[in-house]
Structure formats: structure tokens, C-alpha cells
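A.B. asks: Single-letter residue listing:
There are 2 protein chains.
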Amino acid sequence: MIETRLTRAFALDHPVISAPMARAAGGKLAAAVTRAGGLGLIGGAYCDAEWIEAQFGEAGNEAVGCGLITWALADRPGVLEQVLARKPRAIFLSFGNPAQFAGQIAEAGVPLICQVQTLRDARQAADLGAAVIVAQGAEAGGHGESRATMTLVPEAADMLARAHPGTLLVAAGGIADGRGLAAALMLGADGVLMGSRLWASDEALVSTAMQAAAVRAGGDDTIRSTVMDVARRLNWPGRYTCRVLKNAFTDRWHGRVDALLAAAETVAPAWVAGWEAGDPVASNTFVGEAAGLIDAVRPAGEIVQGIVAEAEVLLGGGWRRV
Amino acid sequence: MIETRLTRAFALDHPVISAPMARAAGGKLAAAVTRAGGLGLIGGAYCDAEWIEAQFGEAGNEAVGCGLITWALADRPGVLEQVLARKPRAIFLSFGNPAQFAGQIAEAGVPLICQVQTLRDARQAADLGAAVIVAQGAEAGGHGESRATMTLVPEAADMLARAHPGTLLVAAGGIADGRGLAAALMLGADGVLMGSRLWASDEALVSTAMQAAAVRAGGDDTIRSTVMDVARRLNWPGRYTCRVLKNAFTDRWHGRVDALLAAAETVAPAWVAGWEAGDPVASNTFVGEAAGLIDAVRPAGEIVQGIVAEAEVLLGGGWRRV
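Chains A and B, in that order, give the protein sequences.
Last residue of the first sequence: 322 (this note's numbering), numbering continuous.
Last residue of the second sequence: 322 (this note's numbering), numbering continuous.
No lab work stands behind these hints, which were simulated from the structure alone.
From the three backbone atoms N, C-alpha and C, an ideal C-beta is built for every residue, glycine too.
Treat each hint with caution, since some may be false.
[As the list claims (entries may be wrong)] For the chain A half of the interface with chain B, some residues (derived, Cβ under 10 Å), not all of them:
1. Arg5
2. Met150
3. Ala182
4. Gly288
[Said to hold, decoys possible] Ranges of calculated distance between the beta carbons of each label pair, as one might list FRET restraints:
5. Ala248(B) - Ala268(A): 37 to 43 Å
6. Asn61(A) - Arg321(B): 31 to 37 Å
7. Asp127(B) - Gly318(A): 46 to 52 Å
8. Ala263(A) - Arg76(B): 42 to 48 Å
9. Pro237(A) - Asp251(B): 16 to 22 Å
10. Arg256(A) - Ala49(B): 42 to 48 Å
11. Leu234(B) - Glu53(A): 54 to 60 Å
12. Ala212(B) - Glu53(A): 52 to 58 Å
13. Ala49(B) - Ala99(A): 54 to 60 Å
14. Arg321(A) - Lys246(B): 50 to 56 Å
[Claimed, not checked] Sample of chain B residues lacking proximity to chain A, with all beta carbon distances greater than 10 Å (derived):
15. Arg5
16. Ala9
17. Ala22
18. Ala54
19. Glu58
20. Met150
21. Pro154
22. Gly219
23. Asp251
24. Ala273
25. Gly278
26. Asp279
27. Ala296
Kindly generate the complete structure, drawing on both the sequences and the hints.
C.D. replies: Here is the structure:
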């Protein structure tokens, strides 16, 4: 057992939160993580009300939370009310200014978890009264920015210690095993948020072809780009990029957004069709540098418990190698 | 005392190596780090034979090593013989293929430390017989690439454990305090290499104006770019970028290399003049995201000892926060 301020605040067995990965983190994954002693989050992401409802159904009676993309929620603010009616264990907001939603979430008595990618946004989220700040480094899969976990976490820890000592801090980005969990605790985090490692789980809503591609890949094989957002015609704010496995699509279009836009009429539908089919060649596999630390797809509960067991050994002195 | 394979192999008191930062890491800094119980390296970088000689003189009788930029050494191979004649504690190579130099270094009986930025290069360096692999993340100041310390270190540790169990591993990038050192050990490193934190030391050959700018800055205020290399007309291979503090120069030219080249006749000399003057406005301050973890310029020996003391507390259970 690794006890931290996070485990105490949320009555968890383990200081582990599952990332609310768009489409991949459904109710089954969230429930499995909660059942294993962590905090599971449904990937509400682009705020598809029907999908979110269905996934809360899949989660059954397990206490799970829900993540939403802040700029997408701003376009569909009614979704927040719908999610709050489900009495989620937490609301997780990322990628945008959470100011307009913090009050409604607080009134509902639901803890607000804000994921941030810069120290500036960490400060803003803490000022807004977030219960937990998730400091996400650029090594993460999917959307993010440029700061690294290794520096953003301790810098945020110092800021919180000075200005908001009661606000909890969680590290995200590049954490996929007990080494990452133990390192995050050393950096000043109260726990970790894991995406890629749980994306490669039995319960994730991910094609086996994409999972197999990620298991084969190493961290060198990923790239941050915007071409997959251009192909999907998503209006991501310019500051965010998305880490995926490199493939022929990124080789062809990365750094050539204008050309991609010019060819969008044929290229975009092909990418979207590949995405719907879970095809890692015709579309992109959303996974982080931690791909290099993942060697098999396993049940989410086993993953959580294995990581915690490994971290316990390290924290007990097992980091000493002969 | 934190004992690791690195401290045993090099008979150090602390598992800390100072980065051989070009121009900044002279003999005084290297000697101070060695005297404090770490391993100090002179920043031989672009292979200016005269400067390197002078800095070995400044180091006196302390056992220091020397770092060289591999692609620069390939243009001036005679410098390696000169440095080896100084009987350095180690030769540190980074940014290029070390294959053509490994034999000569081994014949001289000098340990080879290879800094790498990808798993692929880590494997190559280990295959060549490097005694130590330094896995450098993109959060580092100065030149580097895109992988993060948080994932590159454990992935390299796994590779070495399988293929080269006797090769040591050192983490670099974003490490500036005891939290970073303790985290690196958890990730599987045998020690750390620190640049920015020791750049902001009394002994570093850095202007007080640049050091003051870095102390004021946070990690959000840095950027990876190539414009400072374009301005200096240095032939850096395209895969490497350089992290500096953002300023009016990077605001103006980042992402506009063609325009910078077109304006080079006037812009480049102004940047170089600013650089020679140590001016953080007219040129750029080479520091990493760890700028956000540095609050004062201090003596290098105090820095090393303070970091180790902080890490010892964390490793002894001090990571538990109430």
C-alpha cells in the first residue's frame, strides 16, 4: 500500500488515476481501475452526450469520474449538467480555461481535477479551487503541450506549497510502470495519472491492431503533431499537439499542414475511415513515449496492482542495484 | 552518501556528473564538482584546442573529464589526442556517431561516456563499449532532441539490462534538485548529469545577466529552437534543437529560419556580439526547463552537496507528505 494525500482524499487503495482518454476510456476501463483500488475516469472528451451516458451505464455501480475537453464543453455546456447528474467521483477538465465551469462543479459537491500543461495554467486552476492539479508532460500520448513531466511536476509542487498547500498534485506523461510511479512521488506528486499503459489494457476501447502496434513500438517511434486533428477537422487550439505513433501518414503530412488542407477532400475521409476501423496504418495510434515500456496488453486491474507492487519495492530501497 | 554503480566505478562520493556545457563549463566548475565528490567535466564542445588546454590548467590537479561534440570532433580529430594526453577522468561524447573515436579512447584506457537522445543511439553507444550512457531528455538546456527523461531513462535501463548489463546509465535533462536525483534513481539510472543547475553556479563561465535572467524565469519561459544556431552559422545536424530562454529574438525568428537566413548579414553579427557580451536580450540564454527550479546562483560544491542531501531525505522516506 502506498498511502498519499490522494489516496486519503479519495479513499483509494492506490495513488493511481486512469486518464480519461477520448473514446478509449469507456465505462469498463474506468470501473476496472476503480475496482482495482485506483480512480477510474470515463473519457467524455468531445462531449458526446449519448456515448457518455452509455459509458456510465457500462461502469455500473463503481465510483468513476468523467473527463471532458474544456474547449469542447464550452461548445456544449449542457453536457456538464448531464454528467453531474450521474454523481461522478470527480470531473476532470483539460485543454482550455476551466473558469466558467468551476462554480457549477463546486455547487454540485463534485471534486474538480484540472489537467494542465504549463505552470501558468497550474496556478490558474489552483486559484479556481481545483482539488487536484494534474501536471501533464509532453511525453504523454494524445493531446498535450511541450513541458516535460520531470520539471513541470516539481515546479508545480513548489508553486502549490507556497500558494495552495491543500491542493493535490498528480503527475501525468510517460508513467507506465512502478519506476514512473516511484519517480513521480519523488518529484513531489501525490499520485499519477496513466494513459498509454491503461490504453493497452483488455478493457480499453481500442482495436487490437492499434494495441499491437503500440506494443511493438518504442518511445522513439512516437511524434507530436497536429496532422491527425487537421484530418479530423477538429478545432483544437493551436497550442496543443497530439502524440501518436509515427507512420506513413505522419511521415507524409507532418509539417505540411497547408498541403494537407489542400488535399483534405480525399485525405481526410480516408483517415477517418481508418480511424473508425482501428487501423494503425490508415490512421494514427494515440499513444505516448511510454509505448517503449509496454510489452503486453493486460487486464487493467493487473496493470494497476503490478505497478504499485513494483513501486513499493523501489520505495523500500529496491532502487539500489548491485 | 548515495552509493550506486556510478559512484563505485568512478570512486565518487556522489552520483553526480556536471554537464560539459560549451563555454560555460570551464576548468573551475569541473574542478569544483570533482572536489565536492562528483565528476566534473570540461565543456570542450566545439573543440577549440587552446581553450581546452587553458581549462585543464584551471582545473589544476582535480580529476576532471572533458566533453566534446562528436560532429565537431570529426572535423578536428587531432583534438582528441590532445585531450587524451591530459589523462582525463573520462571522455564524454554527444551529438553524432561516436564509432570512429571509441577505439582510440579505449586504447588510452579512458572511460567513454556517451550522451544519447534516443533509444536507438543508446543501443549503438552501448554496442561500441561505452562505459556510461547518458540518456538526455528534451527538457535539458542547450542542444538535444525530443525524447523525455521520464521515458528514455527506463527504456534505456531495460535495453541495457538485457544486452549490456555492465554498462552504467545516467539521467540528464530537467534534474536540478534532490527530487530530480531521487526520481532518476527510481527510473533506473545510476546517477545524474546536471547542466542548468550548475550553469547557475559561481564557477560557471556565464554572465551574471544571463544567470539572473534564468533565476527569474520559469520552465514555461524556455523554448527549443534552431535560430540561435542559424545566427551563429553553426552546422548543427538537423535533428538537434537547442533549448534557451524565450526572448524577443526567438519571438521574432523561431519558425522563420528562411527569413533569418535572408536577414543574416545584419542579424547574425548582432546576435554574436550580444553573445560575446553575455547579453540575454541581444542573444540567447542557454538553460533548460529546470530554470523553474533554480532560485539563486550558488557555489557548485554547495549545489552538489545540497542536492544529494535532499535526495537522501526523499530516498529515506521523506517523499511522504502529510
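A.B. asks: Can you give the numbers of the hints that this structure goes against, from lowest to highest?
C.D. replies: 7, 14, 15, 20, 21 and 22
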